Amino acid sequence: DGGITQSPKYLFRKEGQNVTLSCEQNLNHDAMYWYRQDPGQGLRLIYYSQIVNDFQKGDIAEGYSVSREKKESFPLTVTSAQKNPTAFYLCASSMVLQGANEQFFGPGTRLTVL
Amino acid sequence: AQSVAQPEDQVNVAEGNPLTVKCTYSVSGNPYLFWYVQYPNRGLQFLLKYITGDNLVKGSYGFEAEFNKSQTSFHLKKPSALVSDSALYFCAVRDPQAGTALIFGKGTTLSVSS
Numbered sequence: 001d002g003g004i005t006q007s008p009k010y011l012f013r014k015e016g017q018n019v020t021l022s023c024e025q026n027l028n029h030d031a032m033y034w035y036r037q038d039p040g041q042g043l044r045l046i047y048y049s050q051i052v053n054d055f056q057k058g059d060i061a062e063g064y065s066v067s068r069e070k071k072e073s074f075p076l077t078v079t080s081a082q083k084n085p086t087a088f089y090l091c092a093s094s095m096v097l098q099g100a101n102e103q104f105f106g107p108g109t110r111l112t113v114l
Numbered sequence: 001a002q003s004v005a006q007p008e009d010q011v012n013v014a015e016g017n018p019l020t021v022k023c024t025y026s027v028s029g030n031p032y033l034f035w036y037v038q039y040p041n042r043g044l045q046f047l048l049k050y051i052t053g054d055n056l057v058k059g060s061y062g063f064e065a066e067f068n069k070s071q072t073s074f075h076l077k078k079p080s081a082l083v084s085d086s087a088l089y090f091c092a093v094r095d096p097q098a099g100t101a102l103i104f105g106k107g108t109t110l111s112v113s114s
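So the sequences go chain by chain: R and E.
Numbered according to my numbering, the first sequence spans residues 1 to 114.
Numbered according to my numbering, the second sequence spans residues 1 to 114.
None of these hints come from the bench; they were simulated from the model.
Predicted model, so just to flag it, every value in this text is computed and none were measured.
Glycine included, C-beta positions come from ideal geometry on N, C-alpha and C.
One thing to keep in mind: the hints can contain errors.
Said to hold, decoys possible - Partial list, derived from the structure: chain E residues whose beta carbon lies under 8 Å from chain R: (1) Val11; (2) Gly43; (3) Lys69; (4) Leu82; (5) Gly105; (6) Thr109.
Stated by the list, open to error - No more than 27 Å apart at the CA atoms, straight line, and that leaves these computed lysine-lysine pairs for BS3-like: (7) R/Lys71 <-> R/Lys57; (8) R/Lys57 <-> E/Lys106; (9) E/Lys22 <-> R/Lys71.
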């Protein structure tokens, strides 16, 4: 059963706490992405990685960190520096080839700050 | 800079009628264009993409999209709407010269009434 998994589905964070969102894929995709979704704002790119041990900042990277130690995994840490972290977080992956490679999305993690 | 605009926050259509969800884009070169659909509290599902060639692209669930280079548009269409098509629709663009990340529009909510 191939695809992208994200965990947990719901996550609650206290003020000043760091939390880590998990993203795993078994599609053998080289590229992985993290997006943040807020109502009425669409999806905004946080970080992406096109190869193991390398990643680039997206449009809203401040207050977030990532790692890419394995091809299958791209965890996102929401740090205490992120002042408004309540949102729906989506992970995606794609091939990196010539041509337009669609991204496949996980089911998302909803983060709420208490 | 790359950008995508979805000028309508919401589109309402009666079941059985044709539907159109609008998208315009701005990229420096030839674009790769995508449509995705999102059901509540779920990840995005890929519908269709345009790379090159035929301006009319057919995708999943009976959807199609028409690429118009002169109007820089990529509108999503379906000849006969179903109540089950009610969801949030996102248009996205990728500039082939700028890596694999996508730029998403803010989304259009499609509501199909019975």
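Hints versus structure:
1. Val11: violated, 15 Å
2. Gly43: holds, 4 Å
3. Lys69: violated, 16 Å
4. Leu82: violated, 22 Å
5. Gly105: The hint holds - E/Gly105 has a Cβ within 8 Å of chain R, the shortest such distance being about 6 Å.
6. Thr109: violated, 10 Å
7. R/Lys71 <-> R/Lys57: holds, 18 Å
8. R/Lys57 <-> E/Lys106: Judged against 27 Å, a Cα distance of about 20 Å means the pair holds.
9. E/Lys22 <-> R/Lys71: It is violated: about 36 Å lies between the C-alpha atoms, which goes past 27 Å.
Hint violations for this structure: numbers 1, 3, 4, 6 and 9, all remaining hints satisfied.
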